[in-house]
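Chain A is already provided as a structure; the job is to place chain B on it using the hints.
Protein chains in written order, with my numbering: chain A, 1 to 701; chain B, 1 to 79.
Source of the hints: derived by calculation from the structure; they are not laboratory data. Note that this is a predicted model, so its numbers are computed, not measured.
If we take Cβ atoms under 7 angstroms as the criterion, some of the chain A residues that face chain B in the derived model are:
(1) N96
(2) Q238
(3) S241
(4) R278
(5) F370
(6) K374
(7) F485
(8) E488
A virtual CB, placed ideally from N, CA and C, is assigned to each residue, including glycine.
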Amino acid sequence: MIKIALVGNPNSGKSTLFNALTGLHQKTGNFPGVTVDKKVGHIKFENGAVAELVDLPGTYSLYPKSLDEQVAFEVLCDPANEDHPDLTIVVADASNLKRNLFLVSQIIDLKIPVILVLNMMDMVEKEGDVIDTIRLSERLGVKTIGLSARNKDGVEELLHAILQPIPVPQYDFIDVKKIAPDLIDRVRSVVKVNSDFSAFQIINNLNEIDYFEKHKDKKNKIEDALNTFIIDKNQLQQKESVERYKVINRLVEECITHSSAIKTETFTHKLDSILTHRVWGYAIFLLVLFFIFQTIFFLAAYPMDWIESMFVSISEWASNSMPPGELSNLIVNGIIAGLSGVVIFIPQIALLFAFIAILEDTGYMARVSFIMDKMLRKFGLNGRSVIPLISGVACAVPAIMSARTISNWKERIITIMVTPLMSCSARLPVYTLLISLVIPQDEKLGFFNYQGMILMALYLVGFLAAVFAALVMKWILKAKEKSYFIMELPVYRTPQWRNVGLTIYEKVKIFLWDAGKIIVAISVILWFLSSHAPADRFDQIDKKYEGHVIWKELDSEIVEAKIASEKLEASYAGIIGKSIEPVIAPLGFDWKIGISLVTSFAAREVFVGTMATIYSVGDADNTQSIQDKMRAELDLKTGLPKFTIAVGFSLLLFYAFAMQCMSTLAIVYRETKHIKWPLIQFTYMSVLAYLASLLVYQLMK
Amino acid sequence: MKNPLTHLSDLKLGEKAIIDSFTDDTMALKLLEMGCTPGEMVQLDRIAPMGDPIAISVSGYLLSLRKEEASTVLVSPLK
Numbered sequence: 001m002i003k004i005a006l007v008g009n010p011n012s013g014k015s016t017l018f019n020a021l022t023g024l025h026q027k028t029g030n031f032p033g034v035t036v037d038k039k040v041g042h043i044k045f046e047n048g049a050v051a052e053l054v055d056l057p058g059t060y061s062l063y064p065k066s067l068d069e070q071v072a073f074e075v076l077c078d079p080a081n082e083d084h085p086d087l088t089i090v091v092a093d094a095s096n097l098k099r100n101l102f103l104v105s106q107i108i109d110l111k112i113p114v115i116l117v118l119n120m121m122d123m124v125e126k127e128g129d130v131i132d133t134i135r136l137s138e139r140l141g142v143k144t145i146g147l148s149a150r151n152k153d154g155v156e157e158l159l160h161a162i163l164q165p166i167p168v169p170q171y172d173f174i175d176v177k178k179i180a181p182d183l184i185d186r187v188r189s190v191v192k193v194n195s196d197f198s199a200f201q202i203i204n205n206l207n208e209i210d211y212f213e214k215h216k217d218k219k220n221k222i223e224d225a226l227n228t229f230i231i232d233k234n235q236l237q238q239k240e241s242v243e244r245y246k247v248i249n250r251l252v253e254e255c256i257t258h259s260s261a262i263k264t265e266t267f268t269h270k271l272d273s274i275l276t277h278r279v280w281g282y283a284i285f286l287l288v289l290f291f292i293f294q295t296i297f298f299l300a301a302y303p304m305d306w307i308e309s310m311f312v313s314i315s316e317w318a319s320n321s322m323p324p325g326e327l328s329n330l331i332v333n334g335i336i337a338g339l340s341g342v343v344i345f346i347p348q349i350a351l352l353f354a355f356i357a358i359l360e361d362t363g364y365m366a367r368v369s370f371i372m373d374k375m376l377r378k379f380g381l382n383g384r385s386v387i388p389l390i391s392g393v394a395c396a397v398p399a400i401m402s403a404r405t406i407s408n409w410k411e412r413i414i415t416i417m418v419t420p421l422m423s424c425s426a427r428l429p430v431y432t433l434l435i436s437l438v439i440p441q442d443e444k445l446g447f448f449n450y451q452g453m454i455l456m457a458l459y460l461v462g463f464l465a466a467v468f469a470a471l472v473m474k475w476i477l478k479a480k481e482k483s484y485f486i487m488e489l490p491v492y493r494t495p496q497w498r499n500v501g502l503t504i505y506e507k508v509k510i511f512l513w514d515a516g517k518i519i520v521a522i523s524v525i526l527w528f529l530s531s532h533a534p535a536d537r538f539d540q541i542d543k544k545y546e547g548h549v550i551w552k553e554l555d556s557e558i559v560e561a562k563i564a565s566e567k568l569e570a571s572y573a574g575i576i577g578k579s580i581e582p583v584i585a586p587l588g589f590d591w592k593i594g595i596s597l598v599t600s601f602a603a604r605e606v607f608v609g610t611m612a613t614i615y616s617v618g619d620a621d622n623t624q625s626i627q628d629k630m631r632a633e634l635d636l637k638t639g640l641p642k643f644t645i646a647v648g649f650s651l652l653l654f655y656a657f658a659m660q661c662m663s664t665l666a667i668v669y670r671e672t673k674h675i676k677w678p679l680i681q682f683t684y685m686s687v688l689a690y691l692a693s694l695l696v697y698q699l700m701k
Numbered sequence: 001m002k003n004p005l006t007h008l009s010d011l012k013l014g015e016k017a018i019i020d021s022f023t024d025d026t027m028a029l030k031l032l033e034m035g036c037t038p039g040e041m042v043q044l045d046r047i048a049p050m051g052d053p054i055a056i057s058v059s060g061y062l063l064s065l066r067k068e069e070a071s072t073v074l075v076s077p078l079k
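Excised from the complex, chain A in its bound form (with noise of 0.2 angstroms):
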């Protein structure tokens, strides 16, 4: 099967290209030993033959001075990397010829096959501008095809072409060696490369180049070679540079006609003095994000609620049709009901990549980015930061995965380490069953409520934590590559539903592969600890309610609520609670609570239904009967009741803070590949929870 690489600048239409071309026959896996996804489709020719596409991520350049670039540059450059292509197709936007070319340049002298597209032919022909394609890939060397992906315009002339035997170009785009031609010539006597261009990559990225840490003694001939000529990388690469823009701008001339019409204010002009205005830009993306947060929110409580009772009725019939054991119990309380917190996420990861597919490819992201990126900045984030922070109100799941669009790593992981302190609606719940034990309903400052108060400050110290914790940790982490701002406003178009389908569909998928199995297997763990407990503790209980004649006589439901509260505390989820109370006293929490903080590990709002079991209350639904009996806790030393004002206070802020979800966790581990992320965010949440909440306990008690 021949191998195919897709390249191009961000925006060139690239992924709309690979849509077109492979439709529903693609995966997401990603590059060897890095963090940057790899997209690998299948082309299925109508003779039947078939190609494998793998989508490189979108570059300006074949320097490699980000993660995504350096992807690009090591496929195409190095022969001997597992991915490195046939044929290599370079997309190129026509209505934005001149930049593009830079990189068809540089993939040119690589000599290696390629096919130019020039893409976006529509827009070319709209602006009333002619190419000269045939004169372009005569001074080029290459075959060239222009095409509109959009409208599928064109795709059956690149298939074709594919199929016919592609030579390496004809000539060199710019003659390499004049820059360095000594050099060049001692490296393509060390190593055995096919241009003077990959020689003069291998000087200027000597290090970052893989293949040269398994061939030590090369890489050495060429360091004293680089020693020898005394030499400035980065003149080395202005000089080419130049070269190359020289070329351009006399092809540009030459195969380009421009419309006579002079387009003083073009459409995208009028909206960007609208969505980048001082009052106006800002009004109306705070309209948006209202608009995603009430649908990501509210919109997707419906099909959510489909999902549960759909799990409910699956874990009925599940154990109606087993015989009640062991095995059942697995089955009903571990596995379905892991399954059923992955999958109850997909409405809202599905509604959230709608709106940001939609924002990216309408253009509007990046004025998003423009109007919001000095705010902030100063806190190490980026202005695409805002989405994955507003999004994590409503669940932080879908928003790491947001946090996806940030290209500077560094900001990225901020973003991702930062987002689970914004409040989300698993907390809500907890928030609620709380604020209304501690804080008398009636209780009013002047015309506001003090329960709605407290919860609105709650979602504040969320946000202030967040901003706080992203400061810090700009000082902290070290940045592998600068922050830069240097990117491009595209032109607006309306966006492709066909791209937004695909990235649904893409998003849904990763989650529910690659975090779906971490989620249930600690689901799975859960459901153990809190339903086994140590030699026949279990049996014991079961036997002191067997046969009691006073027993018989209570509703069973009271007695069933009594053996249950018993058995969670006999558990080894109970034995844990127990063993960490010294460690949670000084917060005010005794080891019920303890027995809850380890459950709801699985997802936060499990906190009021293991209460509910504790203090054996039948229907985990009635949150009136839970607070009730918890109100009538009283302290065994004081003899007070236990859940003081302080104790509700150290719990809320306990639960603000702590990093209290499993599925934040895979997920964090999914965006990150890297174990030392979730365990960081793990840490650092627990520690500023624990430090706030003792505060405030030891202060209010």
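For chain B alone, coordinates are given in the frame of chain A:
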């Protein structure tokens, strides 16, 4: 007659200029690949609401960059 050189970051909104040279080598390389070559005409097209970053038209498209980045580009303003 050639106008005295100034920094790209100091252009006024709508002002045009010709790129002359760069004062920072790393930034120069990044800007060169984006089509900001010496001799190329640029126009200050937009300034973000908080005064930074800015957007310039260059090589037929809109490029945004921070003021700090733009200050490494020396330009000769056109009258």
